[in-house]
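Trainee: So the chains spell out like this:
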Amino acid sequence: MKYDCLIIGGGVSGLTAALVMAKNGYHTALLESSRKTAPTIRGFKRQGLFFDTGFHYTGGLSDGEPLDIFFQYLGLSGKIEKYPFDENGFDTFRCLEPNFEFPFPYGYNRIRERFSKRFPEETKAIDEYLNAVKHVYHSQSYINLDIDTNNPGLSVVHGPSLKEFLDRITDNEMLKCILSMHCLLHGVAPEEVSFFSHALVAGSYYESVYGIKGGGFSLAEAFDARLKELKVDVFCNREAKEILLSGENELSGVMCGDKEILYCEHCISTIHPQQLLAIVPHSAFRPAYRKRIEALEDTCSAIMVYVKTVPPLKEIERANLFLFPSPSFPDPCAADPIDKRPMFIARARQDEGKAFEEGCIIICPEPHTGTEYWSTLFPTDDPDAYQSYKHDMTRRIITHIETSCPEFKGRITHVESATPVTLKRYTNSPRGGIYGVKHKIDQYNPMAATRIKGLFLAGQATTAPGVLGAVVSGFLACGNIIGHEKLREELKACI
Amino acid sequence: MTDEKVIEIINSSLAEEFELDIEKMVPDALLKDDLGLDSLDRVDTVIVLEHAFKFKIREEEAIREIRTLGDIHRFVINKIRDLGEA
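Protein chains in written order, with the numbering used here: chain A, 7 to 501; chain B, 12 to 97.
Here chain B stands alone, though its shape is the one from the complex (with noise of 0.2 Å):
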């Protein structure tokens, strides 16, 4: 899957998930402030993520450091990257 693939399947599935304006999702937007995604929607995102891509996600430090739509789309390029290669 190309990463435009990757980027495309994120943004279609957090848009629809919570209800995003899709215009907004620019890879520098906020989750937070942006996107109005707070730590009430942490687990969610979690799950959409893993229903979309059919992955199991545990690293729980890397997506504590998650901040904007761009780290989300970094972490799966790299995640299916490792899984790939395991």
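Pulled out of the complex, with its shape left as it was, chain A reads as follows (with noise of 0.2 Å):
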């Protein structure tokens, strides 16, 4: 069989590629190990509540934002229904030493306002941060259609980092952990994420934010639905195991699992960049390309624990949960006791509740060395000493919950909980990195071009987190077969 173009993943932004592709005309098939698309923002079912993995809220759908323009693209919008969160505090920033609360609104104006009034001694550097993220999050060649540039995609060279560019607008600890916070959305401390890097994914947040009624598992089948409409070959259980080549480094094909060729002209790779030179011929990257991706740092891991909250909590309703324990921000990476640890609370499925009870998911990052003993073992390989890993944090978790936050004592039931080791199964990455590769000052992540004639990369590792960082990294690759000002002027047309 030959194609078009062959898609390796099938997740967001491997979705989104075969879609574009499909679009405009390429005949498509895409390939994806797991037995469905989208693996990780599928989420679960467990004693009747649906618990959402990997996706909880976006930014940038709002009618005629750059999200809401994809997915009319795609043919996507009419299959999914949003809904708004709490303009008046989407996310609630909680400091528990000194306490000190904050809901984080949406819409420039309002955030403004709500600052100024909370820090009113930082107008200045609260415009000035504003005023700074807005301008790096427009200056996207996707993301605002308008501007007008011929080389889309990142800059080179990194700018100063998240805490360098706040240690000079401003001296107040709280305030910069506030305008941090955003950093547990993207895995990467303040000090080692480019400001830039920060605006791209914080700033999609500061005009509008929604989640889709149904969670992830809707967004998983409205792609599905529409790449059976486009007629895309999608072919699950089925993974890449070499990308064939010929003559001047030029692709030619793809031997999947079962020995199975599929030729294609083009191919774009959404997997995880190391395990791409796995498949890919020695000889046909040169050593220092080689030798920068096998050096890629990913971001830290995490434990999710799936709690059952009775009654529901009224204070994550269309809005979650930033605990901090100081105002110091604390590296996602190290190896915090558990109440040291930042933590991330959202309601589960929040469209369709029970009246009496309703899911609950609390994220705290865990850093690789906590499980270094899993690195080449499977759960079922020592069973009782996974169980024992998995049983002691979710207690350590859950008690920190109860004790930091009284809202929630005594109203917490344990139903299920996700380690590093599930992240590493379902989003299939070597480490289980809660958001794969960092994007960090000094790592300078993959383009979406490669030496290798007809491949290309998309996935978040080449631009951004996110649903929004995966479908804008998906434009970003078809864009170099099809053309980017061409894919600009079709995506215009959708305003």
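Careful: at least some of the hints might be erroneous.
[What the hints assert, rightly or not] Each computed DSBU-like pair below joins lysine-lysine, with the alpha-carbon atoms no more than 35 Å apart: (1) K297/A with K67/B; (2) K140/A with K67/B; (3) K35/B with K169/A; (4) K67/B with K265/A; (5) K459/A with K35/B; (6) K29/A with K346/A; (7) K459/A with K43/B; (8) K130/A with K67/B; (9) K90/B with K140/A; (10) K67/B with K459/A; (11) K43/B with K492/A; (12) K67/B with K346/A; (13) K35/B with K297/A; (14) K396/A with K169/A; (15) K65/B with K459/A; (16) K169/A with K67/B; (17) K67/B with K430/A; (18) K430/A with K65/B; (19) K320/A with K67/B; (20) K43/B with K8/A; (21) K43/B with K247/A; (22) K169/A with K90/B; (23) K297/A with K16/B.
Simulated from the structure, these hints should not be mistaken for lab results. None of the values given here were measured: they were computed from a predicted structure.
Build the complex: two chains, separate frames, hints provided.
Mentor: Shown next, in the form of structure tokens:
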């Protein structure tokens, strides 16, 4: 079988790339090693409750905003139903010592007003920060379709870190911590992440915040339905084993695990870049590139605790809770005691909760050092040790939440937990990094084009994490084949 | 470090990491047309130089102006000089 384009990996970036290519007339196939596409965001059901995984909310989805335009272009808009988060506080920042709470609103005017009220001495710093975030976010070619650029993608050399930027504009530690809280949405500490990368992620949430009814599961189903309409051949339970080349470093096809060869003119790989190295002939990439990919550092992993709350918690209705032990933002990759780690708490499947009980998800960063033992083992290799690790972490996290957040005390019952080992399996990432490869200063992530003619990369490693980052990465990869200006013009027509 | 030593380190590092023919590595060599280092190699060139000289390159504008191997030699020599004076 010969395809015009083969997509490796059926996560959000791969699904996006498949739809873009098929919509543009390319005979397209998609390979996914899991049983179903988008395994990370499909969520799961336990005890009659549905728990979202990998996708809880998103920025940029209000009418006419980037993700809304992408979904319209991809033909997904009519298949999903979005709902707004609380505009007066979509994320609540809570510092435990000293006790300080700040509901983070969306909409630049509301954000400016709320911050100025709580930090009246810092108005200038707040304005400078917000203007800079807005500028960076809107300087991207697939975010702002009106900017004139022939060179989409990120710049080569990194600017200041988020911490350097904040240290320059203010001395107020609490303000700095609140402005850094969304580092939990990309997994890189303020001193490691460039202001630029942070602004790309945080900036998308400052304009609007939405959830999707039915959560990530609905989004995955919408993608699947659209793939069918556009006649994309989807091969699940099938992984790419070898990228085949011919002549002058030119792609000829991909050999699957079952030895079948799918010939293709173009291939977009969305798997972890280090896993791509293993299936590409050694001589295809220059030593410098290979070493750069081998050295890429992943974000920390996480323990996810899924609980039942009886009755449902009003505090996390259309909003999430960000918990910080103190105003200094802790490194999410550090092996700190549980009560010294930041945490993210979201309500499960917010649109379909039962009246008397509801699910809630607690996400706690876990450094890779905590799970080194499992780097080469499966839970079934040492089930007792695995269960003991899982139970111990769960107990400590629940104890911490009940002790530090009075509204949770006596109202939560444990349902299930996921560990870095779970993440490793569902994200197909070598170390179970919660957001895959870090976007950090002095680490140069690969871009879409590669030295192999016909092979391109997408995925959050190339662009930015989150659904928006993954979708943009799909468009960037396809733009290398179809033409960026053509794609951007077509997107403009969707406004 | 002498300028000659700097140039030697640059040439040998680039030759190794990009599998270049050392004979072609003359100062006038155009990175793209003569050595085959195109925009895809820009990031890796920065990283190879950073590793070879243990400094960080943040000068985006200066990097964009580099066209020849000699431009790289001058950039690194100047950078080492600036760091020494700082």
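Trainee: A separate judgement is required for each hint: does it hold in the structure or not?
Mentor: We went through each hint and held it up to the structure:
Between K297/A and K67/B the alpha-carbon distance is near 17 Å, which keeps this suggested pair within the 35 Å criterion. At roughly 28 Å between alpha-carbon atoms, K140/A and K67/B fall within 35 Å of each other, so this suggested pair holds. Between the alpha carbons of K35/B and K169/A the distance comes to roughly 44 Å, so the proposed pair goes past 35 Å and is violated. For the proposed pair K67/B and K265/A, the alpha carbon gap of about 45 Å is over 35 Å, so the pair is violated.
Restraint check: the Cα-Cα separation between K459/A and K35/B comes to about 25 Å, which is no more than 35 Å; the hinted pair holds. A distance of roughly 48 Å separates the Cα atoms of K29/A and K346/A; the hinted pair therefore is violated under the 35 Å criterion. Annotation: proposed proximity of K459/A to K43/B holds, straight-line Cα distance about 17 Å (limit 35 Å). Straight-line distance between C-alpha atoms of K130/A and K67/B comes to about 31 Å, which keeps the hinted pair within the 35 Å bound.
Only pairs whose Cα atoms come within 35 Å are accepted, and K90/B paired with K140/A is accepted, the gap being roughly 33 Å. Restraint check for K67/B and K459/A: satisfied, since their Cα atoms lie roughly 31 Å apart, inside the 35 Å limit. As the CA atoms of K43/B and K492/A are separated by approximately 27 Å, the hinted pair is consistent with the 35 Å bound. Annotation: proposed proximity of K67/B to K346/A holds, straight-line Cα distance about 32 Å (limit 35 Å).
Distance restraint check for K35/B and K297/A: the Cα-Cα separation of roughly 24 Å lies within the 35 Å cut-off, and the hinted pair is therefore satisfied. For a cut-off of 35 Å, the pair hint linking K396/A to K169/A stands: about 33 Å separates their Cα positions. Proposed proximity of K65/B and K459/A is supported: the alpha carbons are some 33 Å apart, at most 35 Å. Restraint check for K169/A and K67/B: the C-alpha separation of about 18 Å stays at or below 35 Å, so the hint holds.
The suggested pairing of K67/B with K430/A holds, with an alpha-carbon distance near 33 Å, which does not exceed 35 Å. With a CA separation close to 34 Å, the supplied pair K430/A and K65/B stays within the 35 Å bound. The straight-line distance between the Cα atoms of K320/A and K67/B is roughly 49 Å, outside the 35 Å bound, and the hint therefore fails. Only pairs whose Cα atoms come within 35 Å are accepted, and K43/B paired with K8/A is accepted, the gap being roughly 34 Å.
Proposed proximity of K43/B and K247/A is supported: the alpha carbons are some 33 Å apart, at most 35 Å. Straight-line distance between C-alpha atoms of K169/A and K90/B comes to about 26 Å, which keeps the hinted pair within the 35 Å bound. With a C-alpha separation of about 25 Å, the suggested pair K297/A and K16/B falls inside the 35 Å cut-off, and the hint holds.
Of the numbered hints given earlier, the model fails hints 3, 4, 6, 19; all others are met.
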